[in-house]
Amino acid sequence: MRGPHSKNHASILVWTVLTIAILSMLGAEVLRLVSIKHQNALQTATWQEALLAAESGIDLGIIELRKSLYPMPNHAWEGWNNSPADGVVSYGLSTIANAGLAGTPMTIEANVDAPNALIDPSNGWQYYRIRTVGTMPITGPARVTDNKQDGRLRKLSLRWERFTNGVLTPHALSDAPQVCRRAEAIVKPVSSFAQAAMSVGTMDLTNQNIVIDSYDSRDPNKSTNGLYDVTKRQENGDIATDGNLIEAGNAHIYGDVATNSGTVSGVANITGIERTDFYQEPIPVGAPSWTAINGTVSGVTDTTTLNASATKGSSISRYQLSTIALSGNKTLTLAGNVDGSRTYIEIYVTGDISVTGISQIVLQEGVTATVYFAGNIDVSGNGILNTKNQPSDLQLYGIEPPANSSKHVSLGGNGQIIAAVYAPDHDVSINGGGTSGHVFGSVVGKTVTMTGVTNLHYDEVLGATGIINNYKIISWFEDNR
Amino acid sequence: MHQRSNRRLSSDKAVAGFLLSEMMISTLIFASISLGLLMGFTALERNYSASSDFALNHADQMRISDYLALDLRRALALQAARNDTTIFIPNYYDASGNPQTPALNGNGGVYYGAVGSSVTIHYYLSGGTIYRQQNNGTPIALAVNVQDFIFDITDQGKVVSTRITFNPTFVAGRASADATAATAFYNVTLLRNTRTDNNIGVY
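Chains as they are written, first to last, in this note's numbering: chain R, 1 to 481; chain Z, 1 to 203.
Each hint should be verified, as a subset may be incorrect.
What the hints assert, rightly or not - One-sided and incomplete, this derived list gives chain Z residues near chain R with beta-carbon spacing under 8 Å:
no., residue
1, Y48
2, S52
3, A103
4, L142
Said to hold, decoys possible - Distance windows between CB atoms, simulated:
no., chain 1, residue 1, chain 2, residue 2, range
5, R, T311, Z, G137, 51 to 57 Å
6, R, T311, Z, A95, 41 to 47 Å
7, R, A142, Z, Y48, 27 to 33 Å
8, Z, R46, R, L93, 51 to 57 Å
9, R, I96, Z, M39, 34 to 40 Å
10, R, G103, Z, N135, 50 to 56 Å
As the list claims (entries may be wrong) - Stretch by stretch, here's where chain R covers chain Z in the computed footprint (C-beta under 8 Å, at least three residues):
no., stretch
11, 70–80
12, 90–98
The set of hints was computed from the structure by calculation and includes no laboratory data. Glycine included, every Cβ here is placed at the ideal spot set by N, Cα and C.
Taking the hints into account, I'd like the entire structure generated from these sequences.
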């Protein structure tokens, strides 16, 4: 009797074991598949995060470059091994926690250099090359993915290290498996006169139906004899504010308009784009630190002539004045060569500049004048005569005043206003623009107010002149060798 | 003795009858369980196959999307069409495969290699395989058995969006349009080289 029962039990046991075995194999296969996909997803996420690390390195390089624009001591390149130059690579290493992957630290290596090949011959501006490597450790085993194309794309450093520690030669990993991504960006300088008008706070164009447009005095297709020609009008008359309000006064803007999460009121027409995501911290202007100057004149209160020099930066054409105060029929002449050839003059006024009565400042043909002022500017009377009518020939820079002091720039008078003004710590007002109401140039101020100005014509050459105010990325490449 | 013999006979008959019924019942139970197991295993196998296919396709989507994003980020120009996209990237490497020093182009930009040169990257679907071809080099298969894949690239101004779909196989026959749309894998990429606003002052 026990025999048949025993056989039945054995049969059930076999089937049970067989079923369990099959289910176990299925489960194991599913587990294997899920494990591979999980690891693949994890490696992919880490690979993506490594790009963020590499791009952060570009940001770190730009931060140091921007720091270097500030007046000394600006602490630029502190913590880096060098200041960048041609053939000199500045290397910086940072490690920051990455909130995206449970605090897994990301390593950022940045190399910044300044090849001679990246100097703009037109203005001597240096472009910089920033090369970065972002590294993230891979959590989990050093297991290659199940598809070789994933490996070809992501190039994980499972056994051998790629790109790190500033070297390209692979070497054995000293620590856990990791993923590295390498990017290169080229950044170019941005002029302090990159816009027709820019204000830190409010910009008020008043109710003059002002027209803002641009021309390019270098290009005969965009100007006539280097002068503005309405028939060759360009549409780069951009205006922007770090504040949230532009009172446009029924303006017609041939360019872009930007605010910082703000509004633009009274714009009749904008040919470009209108943005609300603008913010650009203007670099403050520091007092010149010249080692030698022309000390023959220490202040101007009477008719005076200051001579320019054919050599840019020459001490004989550098003047430090306590004030320029012209009244009555007094004239300050910034004199160049008789033939009108290019000459340069730099003036640092530690006090105020004022022009009243029928007095005048005359900028002779061919002279490029750079004026730094620590006080206020009040120009009326016959104003400033810019003989060659080139805004880039007269650049006015307002030095950052002491904290809690208020400074202003007021340009007006009978003369045509043809100048570039960069005074981000001064309240700037432009009045009248001569008899025609036309102003040529660029204006940057803490606030900008235009009264009686009917036209503002921005010369695009200003975008390649003046002091550097920022850096922007013009080329980006991920090196995925 | 005879009595004992009869008792054994009746006992044997009883045992034999029990075994027959037991066999019939057990056969029935076995057949039912086997049928259930067979159906279960078949369903499991189909589900496993569909899940595995979905996982493989999803991995293919991620890989294709990442390849496209890699090249789109550094693109100089783009010609987008369904399942056939051409991307032009800087000529960054020299003939030996080493990075080149860029040069200024006189218009505020830079270039690598010869003036106006670039590297052409062509993504296309052919014969159930999605390829990536660099210049006139040998195409590299990024994903195989993906004849049901569709990759679309849409220029949205500042950014480019990529959408990749496939037909899931959880149901017999062709997947519905909704099921296919639900597999969409999106990626949005900023074209860092072509959208730098290099010519405008507001940035």
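Here is what the structure says about each hint:
no. : hint                           : verdict
1   : Y48                            : 7 Å, holds
2   : S52                            : 6 Å, holds
3   : A103                           : 6 Å, holds
4   : L142                           : 5 Å, holds
5   : R:T311 with Z:G137: 51 to 57 Å : 54 Å, holds
6   : R:T311 with Z:A95: 41 to 47 Å  : 44 Å, holds
7   : R:A142 with Z:Y48: 27 to 33 Å  : 28 Å, holds
8   : Z:R46 with R:L93: 51 to 57 Å   : 53 Å, holds
9   : R:I96 with Z:M39: 34 to 40 Å   : 56 Å, violated
10  : R:G103 with Z:N135: 50 to 56 Å : 43 Å, violated
11  : 70–80                          : holds (count 3)
12  : 90–98                          : holds (count 4)
In this structure, the hints that do not hold are numbers 9 and 10, in rising order.
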